[in-house]
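Asks: Chain residues, written in single-letter form:
2 protein chains.
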Amino acid sequence: MSKQGDALGRHVLADLHDAPSEVLGDPVAIENALLRAAHAAGATPLFSRFHHFGPGQGVTGVLLLQESHISIHTWPEHGFAALDAFMCGGCRPRDAVEIVVSALGARRVELREERRGEGVLDLLRHF
Amino acid sequence: MSKQGDALGRHVLADLHDAPSEVLGDPVAIENALLRAAHAAGATPLFSRFHHFGPGQGVTGVLLLQESHISIHTWPEHGFAALDAFMCGGCRPRDAVEIVVSALGARRVELREERRGEGVLDLLRHF
Numbered sequence: 001m002s003k004q005g006d007a008l009g010r011h012v013l014a015d016l017h018d019a020p021s022e023v024l025g026d027p028v029a030i031e032n033a034l035l036r037a038a039h040a041a042g043a044t045p046l047f048s049r050f051h052h053f054g055p056g057q058g059v060t061g062v063l064l065l066q067e068s069h070i071s072i073h074t075w076p077e078h079g080f081a082a083l084d085a086f087m088c089g090g091c092r093p094r095d096a097v098e099i100v101v102s103a104l105g106a107r108r109v110e111l112r113e114e115r116r117g118e119g120v121l122d123l124l125r126h127f
Numbered sequence: 001m002s003k004q005g006d007a008l009g010r011h012v013l014a015d016l017h018d019a020p021s022e023v024l025g026d027p028v029a030i031e032n033a034l035l036r037a038a039h040a041a042g043a044t045p046l047f048s049r050f051h052h053f054g055p056g057q058g059v060t061g062v063l064l065l066q067e068s069h070i071s072i073h074t075w076p077e078h079g080f081a082a083l084d085a086f087m088c089g090g091c092r093p094r095d096a097v098e099i100v101v102s103a104l105g106a107r108r109v110e111l112r113e114e115r116r117g118e119g120v121l122d123l124l125r126h127f
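Chains as they are written, first to last, in the UniProt record's numbering: chain A, 1 to 127; chain B, 1 to 127.
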C-alpha cells in the first residue's frame, strides 16, 4: 500500500505572498475562489463562513467540507494570505491550493504538506 | 527580535489518538472544549459551526477567531481527532491544544508547529 494510503488525510499549508490587496480584502471573491477550489479537489462543501474585518482590512473564513476543510486568513496590508486545505479520502488538496493561488494572484507561494492520522488505518489492519 | 516575532502566526497541528468514541461523537462537548480552548489561549471567538455526521459518526467543526481559527475533525471509530489551532499575535495555540486534548481524553498526541507568514513583518521593517 502506498505511504499516502496510511494516513487519514493530507493537510496542505500554503503561505501566499505578493497578492493584490484588493482581492485579499474581498470576502465574496475569496469565498467564490474557495468554493471553486473545493470542487476542483473533488470535495463536497457542507458550510461556509467568511468574515470581513472592515474596509481595507483582511478576511477570515472557512469552508467546511464533507472531507474536512479549507480555511483562509488574509492580510491585505502585507499582500499575504495563509491558506490551508485539509482533506481526507481521495481528494486533491494541492489542486484546491492551486485554484486559490491563481484566483488571488499570489506571485510567491510556500507550500508544506502534512499527513494527518498517520498509522491509524494501519493499526486497524492488525485486528 | 525573537524568531517567533518574525512570523505572522503559529499554526499547531495536533493528531489526537486513543480518545473515547463517545466524546469524539458529541458535537456539544467538542464545541464547548474549543470555546474553552480559545479563551485559554487568549483568543477571541467570532463564530462557530459544528457538524455531526450522525449517530456513532464523527464531528467536523471550526471556531473562527479574531486571531485566525481552531478546527477539529473526529473519527470516533478510530479513536482519533485531527485538531489545528492557528493564531496570530500574542495568543498561545499550544495552550488551546492542551485544553482540547484533556477534554477529549486523548492518551497520545502528535504535535507539529508551523510558523505562518514568516518574514512578512521582517520585509516591512526594511521600508
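To be clear, the hints were calculated from the coordinates, so they are not data collected in a lab.
Just so you know, not all the hints are guaranteed correct.
[To be verified] Calculated Cβ distances over 12 Å to all of chain B for the following chain A residues:
| no. | residue |
| --- | --- |
| 1 | 32 |
| 2 | 62 |
| 3 | 90 |
| 4 | 99 |
| 5 | 102 |
| 6 | 103 |
[Claimed, not checked] Computed, partial: chain B to chain A, Cβ under 10 Å:
| no. | residue |
| --- | --- |
| 7 | 6 |
| 8 | 21 |
| 9 | 39 |
| 10 | 40 |
| 11 | 49 |
| 12 | 51 |
| 13 | 55 |
| 14 | 64 |
| 15 | 75 |
| 16 | 88 |
| 17 | 90 |
| 18 | 99 |
| 19 | 102 |
| 20 | 112 |
C-beta atoms are modelled at their ideal positions from N, C-alpha and C, and glycine is treated no differently.
Asks: Next, verify each hint and record whether it holds.
Replies: Hints, verified against the model:
1. Its beta-carbon lying about 18 Å from the closest one in chain B, residue 32 of chain A satisfies the requirement of being farther than 12 Å from that chain.
2. A beta-carbon of chain B is positioned within 12 Å of the beta-carbon of residue 62 of chain A; the least distance is around 5 Å.
3. With 12 Å as the threshold on Cβ separation, the claim that residue 90 of chain A sits away from chain B holds: the shortest Cβ distance comes to roughly 16 Å.
4. Even its closest Cβ contact with chain B, about 20 Å, leaves residue 99 of chain A beyond 12 Å, as expected for a residue assigned away from the interface.
5. Once the 12 Å rule is applied to beta carbons, residue 102 of chain A is consistent with being away from chain B; the minimum gap is 20 Å.
6. Against chain B, the non-interface label of residue 103 of chain A holds: every CB pair exceeds 12 Å, the least being about 19 Å.
7. At its closest, the beta carbon of residue 6 of chain B sits 13 Å from a beta carbon of chain A; the interface hint therefore is violated under the 10 Å criterion.
8. Annotation: residue 21 of chain B was flagged as interfacial toward chain A, and the flag is violated, the nearest CB pair being 13 Å apart, outside 10 Å.
9. At about 18 Å, the closest approach between the beta carbon of residue 39 of chain B and any beta carbon in chain A exceeds 10 Å, and the interface hint on this residue is violated.
10. Here the hint on residue 40 of chain B is broken, as its CB sits about 20 Å from the closest CB of chain A, past 10 Å.
11. Using the Cβ-Cβ criterion of 10 Å, the hint placing residue 49 of chain B at the interface with chain A is satisfied: the shortest such distance is roughly 6 Å.
12. Given the 10 Å rule on beta carbons, the hint for residue 51 of chain B holds: about 6 Å separates it from the nearest Cβ of chain A.
13. Hint status for residue 55 of chain B relative to chain A: violated, with the closest Cβ pair at about 17 Å, above 10 Å.
14. With its C-beta approaching chain A no nearer than about 6 Å, residue 64 of chain B sits inside the 10 Å limit, and its interface hint holds.
15. Hint status for residue 75 of chain B: holds, given a least beta-carbon distance of 7 Å to chain A, under 10 Å.
16. The closest approach between the C-beta of residue 88 of chain B and any C-beta of chain A is roughly 8 Å, which is under the 10 Å cut-off, so the hint is satisfied.
17. Restraint check, residue 90 of chain B versus chain A: the minimum CB separation of about 16 Å is more than 10 Å; hint violated.
18. Hint on residue 99 of chain B is violated. Least Cβ distance to chain A is approximately 20 Å, over the 10 Å limit.
19. Hint status for residue 102 of chain B: violated, given a least beta-carbon distance of 20 Å to chain A, over 10 Å.
20. Hint status for residue 112 of chain B relative to chain A: holds, with the closest Cβ pair at about 6 Å, below 10 Å.
Violated hints for the displayed structure, listed by number in ascending order: 2, 7, 8, 9, 10, 13, 17, 18, 19.
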